[in-house]
Amino acid sequence: MQDTIITYLGTPIFGIFLSIVVFLIGQWLFKISHGFFLFQPLFVGMVLGIFVLWLMAKAFGVDVTWFYTNAYKPGGDIIFWFLNPATIAFAVPLYKRNDIVKRFWLEILLSLIIGVLISLFLIYWVAKLFGLDNSGIASMLPQAATTAVAMPISTAIGGNAAITAMACIVNAVLIYALGGWLIKVFHLKDEIGIGLGLGTAGHTVGSAKALQLGSIPGSMASISVVIISIVIDLVVPTFAHLMGVVK
Amino acid sequence: MAEKNDVSQKTEAKPAPILIQMGIFAAVLFISSLISPLFPVSFPVPTPVIGLVLLYLLLTLHIVKVEWVEQFANLMISLIAFLFVPSGIQLTASLNIMKAQGIQLVAVIVISTVILLVVVSLVTTFFIKIKKDVFHSNVDIDE
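So the protein sequences, as listed, match chains V and Z.
In the working numbering, each number is its position in the first sequence, counted from 1, plus 1.
In the working numbering, each number is its position in the second sequence, counted from 1, plus 1.
Everything labelled a hint here was simulated from the structure, so no lab data went into it.
We put the CB at the ideal spot given by N, CA and C, even for glycine.
Among the hints, erroneous ones may be present.
Covered by chain Z, per the in silico footprint, the following chain V stretches (three or more residues, Cβ under 8 Å) [said to hold, decoys possible]:
1) 62-70
2) 80-86
3) 193-206
With a straight-line Cα cutoff of 25 Å, these simulated DSS-like cross-link-like pairs (lysine-lysine) come out [unchecked claim]:
4) Z:Lys66 <-> Z:Lys15
5) V:Lys97 <-> Z:Lys66
6) Z:Lys15 <-> V:Lys97
7) V:Lys129 <-> Z:Lys130
8) Z:Lys130 <-> V:Lys103
9) V:Lys190 <-> Z:Lys66
10) Z:Lys133 <-> V:Lys103
11) Z:Lys15 <-> V:Lys59
12) V:Lys103 <-> V:Lys190
13) V:Lys190 <-> V:Lys97
14) Z:Lys100 <-> V:Lys97
15) V:Lys32 <-> V:Lys185
16) V:Lys185 <-> Z:Lys133
17) V:Lys97 <-> V:Lys74
18) V:Lys103 <-> Z:Lys132
19) Z:Lys100 <-> V:Lys74
20) V:Lys185 <-> Z:Lys130
21) Z:Lys66 <-> V:Lys103
22) V:Lys129 <-> V:Lys248
23) Z:Lys133 <-> V:Lys97
24) V:Lys190 <-> Z:Lys100
25) Z:Lys130 <-> V:Lys190
Bound conformation, chain V alone (with noise of 0.2 Å):
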């Protein structure tokens, strides 16, 4: 059985073809639905590819992990790969607000440097709260960064690179999904404060989706995916020493 399926389903064709589908199904939903949030493209696609997933290896009698790496991975490294120039693209957008970035450059530092912080600690504490043992708080702390940089901190101060992974995807897909609603329901009005906000808590998705709300948060969360990944390298491995995540 798995080596029909890997002769049938073990081409990239399968995965790629499995997410375009997904999401333009994802699209269709959510244009029905008059932009109904939990419709959102991305969010439909994930959730569908998954159950997708899950069906046909319960269909096929394998492990859902084992059909996720043989059948739908070489197509969907794929699509990933275009995250690389998907993410140097937000160059041009930050290069448009230069003005902004010129004028505000030393707030822009020392918000995010001190937003870090401030949100280390509430992590820290909401992990705690939860019950989390040291590997799980170790495994949320770098979550800020982007998923290359997260993963190996994480690693690095005891955590398990599989969860932050799966922190930052989450991340990501609740930021895009609710990031609109989630800046009316707090009241953040200011545009250089929502745009640090929407790229520190989304990622490269967080800055596609602060460039909807305009040209100077979609700037903003461009630049605070370049400078989290530098503040979380050097704050995290140092913050998890000092609180006693890591021994």
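Starting from the known structure of chain V, arrange chain Z on it as the hints suggest.
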């Protein structure tokens, strides 16, 4: 130099052919991928983050003109939700973790997301207010 800038503002700049734009992206990405391994393991700086800084510097220093990369950049950004679908589906591989530690982890992640958005945003509002009230700087922004 000033004359040149005037001209570029008056006439609508023609975008570079899409293959040239992709070529610039590929070159930036390639150079970044050579720089990224130079950072120590304890201080990871991934290729796309270096690439973002590199392309931003090239644009700011006027080595690369914005019309040489803008079209492709807009295309990539408009596709980003789709490009993230495989990352979302990657959670299939985490289904076992979710079963084991389950709901607490997801709850902490959801709350953390809100914390990061709200705290960073409010801290920024605070610092901009200081700039305005303490240093009496102009904080009005042109749209």
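Results of checking the hints against the structure:
1. 62-70: Contact hint for the segment 62-70 of chain V vs chain Z: holds, 4 residues under 8 Å.
2. 80-86: Per the Cβ count (6), the hint holds.
3. 193-206: It holds, with 11 qualifying residues against the three required.
4. Z:Lys66 <-> Z:Lys15: holds, 11 Å
5. V:Lys97 <-> Z:Lys66: Roughly 11 Å separates the two Cα atoms, so the pair holds.
6. Z:Lys15 <-> V:Lys97: holds, 17 Å
7. V:Lys129 <-> Z:Lys130: Violated - the C-alpha atoms of Z:Lys130 and V:Lys129 are around 33 Å apart, more than 25 Å.
8. Z:Lys130 <-> V:Lys103: holds, 17 Å
9. V:Lys190 <-> Z:Lys66: Measuring from Cα to Cα gives roughly 33 Å; hence the hint is violated.
10. Z:Lys133 <-> V:Lys103: Distance of about 16 Å is within 25 Å: holds.
11. Z:Lys15 <-> V:Lys59: violated, 54 Å
12. V:Lys103 <-> V:Lys190: holds, 21 Å
13. V:Lys190 <-> V:Lys97: Measuring from Cα to Cα gives roughly 22 Å; hence the hint holds.
14. Z:Lys100 <-> V:Lys97: violated, 45 Å
15. V:Lys32 <-> V:Lys185: Holds: V:Lys32 and V:Lys185 sit about 22 Å apart, inside 25 Å.
16. V:Lys185 <-> Z:Lys133: holds, 24 Å
17. V:Lys97 <-> V:Lys74: violated, 36 Å
18. V:Lys103 <-> Z:Lys132: holds, 14 Å
19. Z:Lys100 <-> V:Lys74: holds, 22 Å
20. V:Lys185 <-> Z:Lys130: holds, 20 Å
21. Z:Lys66 <-> V:Lys103: Holds, at roughly 19 Å.
22. V:Lys129 <-> V:Lys248: holds, 17 Å
23. Z:Lys133 <-> V:Lys97: Measuring from Cα to Cα gives roughly 24 Å; hence the hint holds.
24. V:Lys190 <-> Z:Lys100: Status violated; Cα separation ~39 Å.
25. Z:Lys130 <-> V:Lys190: holds, 12 Å
The structure fails to meet hints 7, 9, 11, 14, 17, 24 from the earlier list, while all remaining hints are met.
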